[in-house]
Every structure is written in C-alpha cells, then in structure tokens.
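Trainee: Listed below, chain by chain, are the residues.
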Amino acid sequence: DTEVTQTPKHLVMGMTNKKSLKCEQHMGHRAMYWYKQKAKKPPELMFVYSYEKLSINESVPSRFSPECPNSSLLNLHLHALQPEDSALYLCASSQDGGGYNEQFFGPGTRLTVL
Amino acid sequence: AQSVTQLDSQVPVFEEAPVELRCNYSSSVSVYLFWYVQYPNQGLQLLLKYLSGSTLVKGINGFEAEFNKSQTSFHLRKPSVHISDTAEYFCAVSEQGAQKLVFGQGTRLTINP
Chain A
1 DTEVTQTPKH LVMGMTNKKS LKCEQHMGHR AMYWYKQKAK KPPELMFVYS
51 YEKLSINESV PSRFSPECPN SSLLNLHLHA LQPEDSALYL CASSQDGGGY
101 NEQFFGPGTR LTVL
Chain B
1 AQSVTQLDSQ VPVFEEAPVE LRCNYSSSVS VYLFWYVQYP NQGLQLLLKY
51 LSGSTLVKGI NGFEAEFNKS QTSFHLRKPS VHISDTAEYF CAVSEQGAQK
101 LVFGQGTRLT INP
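Top line first, the protein sequences correspond to chains A and B.
Residue 114, in this note's numbering, is where the first sequence stops; the numbers in between run on with no holes.
Residue 113, in this note's numbering, is where the second sequence stops; the numbers in between run on with no holes.
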C-alpha cells in the first residue's frame, strides 16, 4: 500500500471556526510533512515530523497547529484562519526524514476560508 | 540555502513531439534532485530522482533527466509525449544532511493534438 490518504477532500470554514485536517499512511514511514499550495504555485513546506517529533516548523502562524499522535497519523488543527489561508493542503510521508527519500503525497484537502 | 529555477512557466508541444523541461539549481553543498508531476486536482507523484552515480536517470512514463554538475542543471526530457502527459511538473532539490525539499515554480506542460 503506497497511499497517503487525506480527509476531508474539501473544507469550507469561517474565520471563527475550529477544524482539523487528517492524514494517514500505512507504509511504515517515519517522516510526515504538511505543505500549503496556492493556485499555480509550488508546494510550500509548513511542518516536518520525524519519528513523531516536530523537527521543522517553517515559521507558520500559530493558528495552524500540527499534531502527530502516532507514526501513521498526522493532523493539522485550524483555528481563527484568515481568507488568505485558503489553499490546497498537502500531506506527504517518507521512509525517514532524509532528504534523499522520495516523498509520497496525498491528494490534498482544498480549504476555503470565508 | 538551496534554490531552484524552472526556466519555462509554460511549455506547449504537439502530441508525439519531444519535450525538454529545464531546471537549474543553486546550492553550496551536494544535493539530491527530483522531478515530481502533479495532475489536475491531485497530489504530487515522483517521476525520477538523482542521488549519485550515473548522471542519466530514467523514470516512470518514459521520462528521463540528466544531471549536469558543472551547469547545475537537471533537465527533464521525453522523446514522444502523449495527451496524458498534460500536467504541472516540479523540479525539487534537497541538500545533503537536510530534511527540507525546495520546489521550483513549476512548468505547465500542455499537449496539443
């Protein structure tokens, strides 16, 4: 199974809402990533978890809160978002956190903030 | 810090014609290089990667790329494209010892019948 799944596929939320994005993989990978992708732009790294510990936070605003409950799951908790946070949020995983590893991407959650 | 430049934002070609998508990188240390493809409304999929060894790398779907250290380039080629190759293509670089993957701005490949 080389699949990374993400739920939900689409999410519309108001600026005062609290919601969560979920990502799951069953490849035994020990590194997981969150990316943000705006339309017609490349993915931008937000967070990296390596062996369930946060290893990279790319100066992401605190209204985005990642969580890695176990090696297969990655969540992104959202609170008090702004309209400019509307984007495709991609999750990825790799064997470990080494830069030589292929990253396997999920299909993304398309987030709209009203 | 590493950076990636994809020289063409859009490349239109006719079906069955050859194509080359250009990528240049900048880094002060050794790097790993990747090409990913993103089909509409999907995540990214790895086409091929260069880690070390032979500078000509073959990937999936008939794509290949050549690493040129002196020109700091990693251009992607396919001898004959199909309609199904229409997608966004991203070149990416990771520095040795680092976890972070940095993407270029992407090249939109459009195949005309």
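Check each hint, because a few of them may be wrong.
Claimed, not checked - Covered stretches of chain A, as calculated for chain B (at least 3 residues, CB under 8 Å):
#, stretch
1, 29–42
2, 46–56
3, 97–103
4, 106–112
Said to hold, decoys possible - If you only want the chain A side, here are some residues facing chain B, beta carbon under 10 Å, derived:
#, residue
5, 60
6, 86
7, 88
8, 90
9, 91
10, 92
It should be emphasised that the hints constitute simulated quantities derived from the structure, not laboratory data.
All values derive from a computational prediction rather than experimental measurement.
Cβ atoms here follow ideal geometry from the backbone N, Cα and C, with glycine treated the same way.
Trainee: Examine the stretch 97–103 of chain A: at least three residues should have C-beta closer than 8 Å to a C-beta of chain B.
Mentor: holds (count 6)
Trainee: Check whether three or more residues of the stretch 106–112 of chain A sit with their beta carbon closer than 8 Å to a beta carbon of chain B.
Mentor: Coverage by chain B holds for the stretch 106–112 of chain A (3 residues, Cβ < 8 Å).
Trainee: Close enough to count: is the Cβ of residue 86 of chain A nearer than 10 Å to one in chain B?
Mentor: violated, 16 Å
Trainee: Per the coverage rule (Cβ-Cβ under 8 Å, at least three residues), is the stretch 29–42 of chain A covered by chain B?
Mentor: holds (count 4)
Trainee: Double-check residue 92 of chain A for me: the hint is only fine if its C-beta lies closer than 10 Å to a C-beta in chain B.
Mentor: holds, 8 Å
Trainee: The hint names residue 90 of chain A as touching chain B; please verify it with the least Cβ-Cβ distance against 10 Å.
Mentor: holds, 6 Å
Trainee: Please verify that hint: residue 60 of chain A, Cβ, nearest Cβ of chain B, below 10 Å or not.
Mentor: violated, 14 Å
Trainee: How about residue 88 of chain A: closest beta carbon in chain B under 10 Å, or not?
Mentor: Holds. Min distance 9 Å.
Trainee: Counting residues of the stretch 46–56 of chain A that have a beta-carbon nearer than 8 Å to any beta-carbon of chain B, does the count reach 3?
Mentor: holds (count 4)
Trainee: With chain B as the partner, please determine if residue 91 of chain A meets the hint condition of a C-beta pair closer than 10 Å.
Mentor: Nearest chain B Cβ about 8 Å off; hint holds.
Checked against the numbered hints given earlier, the structure breaks hints 5 and 6 and satisfies all the rest.
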